[in-house]
Amino acid sequence: MNFMASKQPENSLLGPEADSQRTLYPYVTGTSVVALKYKDGILMAADMGGSYGSTLRYKSVERMKPIGKHSLLGASGEISDFQEILRYLDELILYDNMWDDGNSLGPKEVHNYLTRVMYNRRNKFNPLWNSLVLGGVKNGQKYLGTVSMIGVNFEDNHVATGFGNHLARPILREEWHQNLSFEDGVRLLEKCMRVLLYRDRSAVNKLQIAKITEEGVTISQPYSLKTYWDFSAFANPAQGAVGSW
Amino acid sequence: MFRNQYDTDVTTWSPAGRLFQVEYAMEAVKQGSAAIGLRSKTHIVLGCVNKANSELSSHQKKIFKVDDHIGVAIAGLTADGRVLSRYMRNECINYSFTYESPLPVGRLVVQLADKAQVCTQRSWKRPYGVGLLVAGLDESGAHLYYNCPSGNYFEYQAFAIGSRSQAAKTYLERRFENFADSSRDDLVKDALMAIRETLQGETLKSSICTVAVVGVGEPFHILDQETVQQMIDAFDIVGEKEGPAAEPDDAAAGQEVEAEQGAAADQGGSTDEGVAPMDI
Numbered sequence: 001m002n003f004m005a006s007k008q009p010e011n012s013l014l015g016p017e018a019d020s021q022r023t024l025y026p027y028v029t030g031t032s033v034v035a036l037k038y039k040d041g042i043l044m045a046a047d048m049g050g051s052y053g054s055t056l057r058y059k060s061v062e063r064m065k066p067i068g069k070h071s072l073l074g075a076s077g078e079i080s081d082f083q084e085i086l087r088y089l090d091e092l093i094l095y096d097n098m099w100d101d102g103n104s105l106g107p108k109e110v111h112n113y114l115t116r117v118m119y120n121r122r123n124k125f126n127p128l129w130n131s132l133v134l135g136g137v138k139n140g141q142k143y144l145g146t147v148s149m150i151g152v153n154f155e156d157n158h159v160a161t162g163f164g165n166h167l168a169r170p171i172l173r174e175e176w177h178q179n180l181s182f183e184d185g186v187r188l189l190e191k192c193m194r195v196l197l198y199r200d201r202s203a204v205n206k207l208q209i210a211k212i213t214e215e216g217v218t219i220s221q222p223y224s225l226k227t228y229w230d231f232s233a234f235a236n237p238a239q240g241a242v243g244s245w
Numbered sequence: 001m002f003r004n005q006y007d008t009d010v011t012t013w014s015p016a017g018r019l020f021q022v023e024y025a026m027e028a029v030k031q032g033s034a035a036i037g038l039r040s041k042t043h044i045v046l047g048c049v050n051k052a053n054s055e056l057s058s059h060q061k062k063i064f065k066v067d068d069h070i071g072v073a074i075a076g077l078t079a080d081g082r083v084l085s086r087y088m089r090n091e092c093i094n095y096s097f098t099y100e101s102p103l104p105v106g107r108l109v110v111q112l113a114d115k116a117q118v119c120t121q122r123s124w125k126r127p128y129g130v131g132l133l134v135a136g137l138d139e140s141g142a143h144l145y146y147n148c149p150s151g152n153y154f155e156y157q158a159f160a161i162g163s164r165s166q167a168a169k170t171y172l173e174r175r176f177e178n179f180a181d182s183s184r185d186d187l188v189k190d191a192l193m194a195i196r197e198t199l200q201g202e203t204l205k206s207s208i209c210t211v212a213v214v215g216v217g218e219p220f221h222i223l224d225q226e227t228v229q230q231m232i233d234a235f236d237i238v239g240e241k242e243g244p245a246a247e248p249d250d251a252a253a254g255q256e257v258e259a260e261q262g263a264a265a266d267q268g269g270s271t272d273e274g275v276a277p278m279d280i
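These protein sequence lines are chains R and C, in that order. First residue of the first sequence: 1, per UniProt numbering; consecutive thereafter. First residue of the second sequence: 1, per UniProt numbering; consecutive thereafter.
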């Protein structure tokens with residue numbers, strides 16, 4: 001007699017009963033990731049918030065991780081799916097290292113692998129609910145790309161996910177230029193992150209900035225941005241419309 | 001090599017620790033018409049002798065493009081070679097699709113070798129009867145590998161396989177130290193000279209040989225007959241003609257498939273009885 005609850009395998013053809021194994025909506029989510037190419041490599045920034053719907057529940061979620069020797073992955077969207085992706089990539093890098101032959105997967109290869117994974121999952125109606133940013137440097141070549149949960153992918157000099165698309169990219173379009181210094185790059189990212197902090201409800205004021213160069217990956221310690229809330233318009237916000245919401 | 005009681009199955013060891021069926025498969029490679037390969041730091045050239053069975057027929061294809069950066073020349077059972085080329089093309093295209101990046105040659109060669117090894121350890125299979133010279137370019141430079149039916153693979157600066165390959169190897173041994181810094185054209189010239197060595201007196205012309213090149217900035221491609229003939233003429237290779245062209249050895253026509261079926265008994269003892277060839 002079998003008292004175990006029937007568990008559908010992930011790729012079941014059984015239809016509705018298999019739904020409990022598919023991602024239908026995200027639960028714990030990360031917000032924007034912003035990244036740009038600079039003189040020595042890639043700079044990427046993401047805050048450390050994991051929201052549970054409208055609750056800012058978790059405040060120490062690392063949303064950027066190094067992949068292999070040459071890449072850095074940042075993710076927004078469902079955190080558990082991000083962890084799943086890290087497992088896929090861990091296996092990929094492991095097998096790559098096991099060849100032990102002097103070849104290694106660079107950022108371009110990892111980005112395309114992720115595109116294949118995301119697109120195939122989307123086709124099976126079981127997406128990984130993430131928008132990913134993949135940056136890296138290999139043999140002096142800088143690479144920065146993004147993949148969405150439906151498999152849309154492209155490369156650019158600066159990318160952003162989520163709200164970053166609307167608030168950060170216009171800033172980057174105006175102010176990004178080739179061969180930014182490290183300090184200028186960080187300043188530009190902080191400017192974007194500050195706007196996001198003011199305007200994105202799911203942003204938290206605790207962020208990390210990551211850098212990847214030919215030498216390797218460095219992810220900063222978490223820190224906060226200075227904000228200014230004493231604008232006169234904020235002093236009495238209902239002034240113009242007393243009694244309204 | 002002579003028939004013995006341990007050579008019926010590939011899964012039977014001899015008391016001396018040899019797998020005779022695998023060695024017989026390597027004999028098939030030696031019976032195929034010659035193929036040679038040589039490389040510099042930036043280019044690899046593959047060449048082969050293409051003898052048609054009769055004037056009425058066309059010659060068999062022995063050099064295959066596997067990808068823009070990899071090509072292969074075969075000697076032995078060309079049918080087996082074709083199948084393995086298809087496998088290699090498949091692996092390359094799958095890797096390219098997933099990673100948008102060319103498959104490193106070294107990895108392809110290992111996969112090929114592992115595939116060949118499987119056939120040396122199954123009672124219902126036979127080893128592939130074909131030797132492959134795999135030429136490829138990747139991040140770490142230009143590579144030339146030799147894959148043999150035993151499942152071993154080796155990397156070479158220059159190599160020759162097939163019938164009368166020893167003549168080509170002797171030529172290459174004399175010259176290989178210069179290959180690393182050779183120009184592309186010098187490399188092709190050396191390839192043609194090496195092919196000529198295997199012809200033993202017969203005139204070298206572009207209708208009986210095939211040459212292919214791959215290099216930095218030059219995707220793998222087979223040189224067309226005119227270009228090859230021009231190079232032959234330009235390098236004045238046609239050189240010696242010692243009377244009538246030497247009769248092609250009946251072994252050279254050995255792209256025939258029956259090498260497997262008990263022809264083993266008739267092989268001359270070209271292998272040193274003491275050392276199994278795959279132990280090299």
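In short, the hints are calculated from the structure, not lab data. All values reported here derive from a predicted model rather than from experimental measurement. Warning: the hint list may mix true and false statements.
With the Cβ distance kept under 8 Å, some of the chain C side facing chain R (calculated, not the full set) [what the hints assert, rightly or not]: (1) Tyr-99; (2) Glu-100; (3) Arg-107; (4) Gln-111.
Covered by chain C, according to a simulated footprint, are these stretches of chain R (three or more residues, beta-carbon under 8 Å) [what the hints assert, rightly or not]: (5) 112-126; (6) 217-231.
We put the beta carbon where it would ideally sit given N, CA and C, even for glycine.
Okay, the hints, checked on the actual structure:
The criterion of a C-beta within 8 Å of any C-beta in chain R is met by Tyr-99 (chain C), whose closest approach is roughly 4 Å, and the hint holds. Restraint check, Glu-100 (chain C) versus chain R: the minimum CB separation of about 4 Å is within 8 Å; hint holds. For Arg-107 (chain C), the shortest C-beta to C-beta distance to chain R is roughly 6 Å, which falls under 8 Å, so the interface hint holds. Among the interface hints, the one on Gln-111 (chain C) is violated; its C-beta lies about 10 Å from the nearest C-beta in chain R, farther than the 8 Å criterion.
Under the rule that three or more residues need a Cβ within less than 8 Å of chain C, the assignment of the segment 112-126 of chain R holds, with 3 such residues. Residues of the segment 217-231 of chain R lying with their CB closer than 8 Å to a CB of chain C number 0, which falls below the three-residue condition for coverage.
Comparing the model with each earlier hint shows violations of hints 4, 6; every other hint is respected.
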